[in-house]
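The opening residue of the sequence shown carries number 576 in our numbering; numbering runs sequentially from there.
Please note: incorrect hints may appear among the correct ones.
Claimed, not checked - Quick list of the computed label-pair ranges, beta carbon to beta carbon:
| # | residue 1 | residue 2 | range |
| --- | --- | --- | --- |
| 1 | L607 | R632 | 49 to 59 Å |
| 2 | L714 | R597 | 38 to 48 Å |
| 3 | L650 | G692 | 14 to 24 Å |
| 4 | G704 | V774 | 37 to 47 Å |
| 5 | V728 | T830 | 12 to 22 Å |
| 6 | A698 | R632 | 20 to 30 Å |
| 7 | L598 | D790 | 28 to 38 Å |
| 8 | A698 | A766 | 18 to 28 Å |
Stated by the list, open to error - Here are the simulated DMTMM-like pairs of lysine to aspartate or glutamate, each with C-alpha atoms no more than 25 Å apart in a straight line:
| # | residue 1 | residue 2 |
| --- | --- | --- |
| 9 | K696 | E796 |
| 10 | K696 | E788 |
| 11 | K696 | D790 |
| 12 | K696 | E773 |
Honestly, the hints are just simulated from the structure, not real lab data.
Ideal Cβ placement from N, Cα and C applies to all residues, glycine included.
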Amino acid sequence: MGRVLVFLLLAVLVVPALLQWRLWRHAGLRRLVNVGTLGFVVLTLPAERTLSRWPARARVVRTVGLGVGLLIIVLLAFRVGTRSVFLWPLALGLGYLLGVLAGELTRPRPSWAVRRGHSGKLADYIQPGLAWSMRGTALLAIAAGVVALVVSVPTSDGTAGLLLRCPAGGAELVGAGQISEYAVILLVLAATAWLVSEVTLLLRIVRAPLAAEPDDVPVDEALRSASAHASVAAASVLMLLPLGGYALVTGLAVTGSCVDSDLVSIGLIGVGLAALLAGLLVAAFVPGWLRPVQQRADVRS
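Based on the sequences and whatever the hints tell you, model everything.
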């Protein structure tokens, strides 16, 4: 019976990850529609200029992000030696995703005339469920980091562990390693990713004035939609993967402690696996939204 409950718990926790994958897969249709619509309009001179300038700065910023990832690899090599080789892909991914967020935040202003006092709605550019999922992930990651910092205590060797109360009485120190440092990293990544993505969504995408010329409107919508999806996807991955790793490691640590139980340990492991799965699934959609928006062909008859 216990194994059945564990299986059901894991299945329930994996469902949100699969739902996110379905939402992001469906969001790809929006990009096809946006890009296809451009074939029905005659691009104005400002629109052509905007399309040519739009990807350049973001591409440079993403390259800088990769450079930051390489710098992190060098620092890790000096600090932990050859053991850091397993962290190199994570460091590169971290730098690149931070570069994606910074690139979307610093996109150049469009060259066309705008309608002052007019702005769009979030649903015009991205499925609100994707944005709220990102916000919920941020809340969960920040809460996990805060709780870990509250219950962590220093150890004799200079590291930190989680002080958990045992059901039979007393307390036990769970989790070896820099628990408090990992919690701070989780907090910083989640807060940074959420704030940058939120500012990009609300200020750069939703509340920015709309294009004034009718022929510029489809280009404006396509660029805003691509930027919104790229920002939300990068922020989601930056929060899901660290949250999943932290929950998984903590769940494994709890398994061998006095508070070992299916509800606690398997719950944490299930949350960790679900977050990691969701992060990897969302990461697969990031490159598609980073491709430059271009007018594929003139389909007007």
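Status of the hints after comparison with the structure:
The given range of 49 to 59 Å is broken by L607 and R632, whose C-beta atoms sit roughly 25 Å from each other. A hinted range of 38 to 48 Å for the beta carbons of L714 and R597 is inconsistent with their spacing of about 22 Å. Under the hint 14 to 24 Å, the C-beta atoms of L650 and G692, about 48 Å apart, miss the expected range. Against the hinted window of 37 to 47 Å, the Cβ-Cβ separation of G704 and V774 comes to about 20 Å, which falls outside the hint.
Our hint of 12 to 22 Å for V728 and T830 holds, since their Cβ atoms are close to 20 Å apart. At roughly 27 Å, the beta-carbon separation of A698 and R632 lies within the given 20 to 30 Å, and the hint holds. Look at L598 against D790: about 31 Å separates their beta carbons, and that is inside 28 to 38 Å. The hinted window of 18 to 28 Å between A698 and A766 holds, with their beta carbons roughly 26 Å apart.
The straight-line distance between the Cα atoms of K696 and E796 is roughly 11 Å, inside the 25 Å bound, and the hint therefore holds. As the CA atoms of K696 and E788 are separated by approximately 19 Å, the hinted pair is consistent with the 25 Å bound. Pair hint K696 plus D790 holds up; C-alpha atoms about 20 Å apart against a cutoff of 25 Å. Straight-line distance between C-alpha atoms of K696 and E773 comes to about 14 Å, which keeps the hinted pair within the 25 Å bound.
In this structure, the hints that do not hold are numbers 1, 2, 3 and 4, in rising order.
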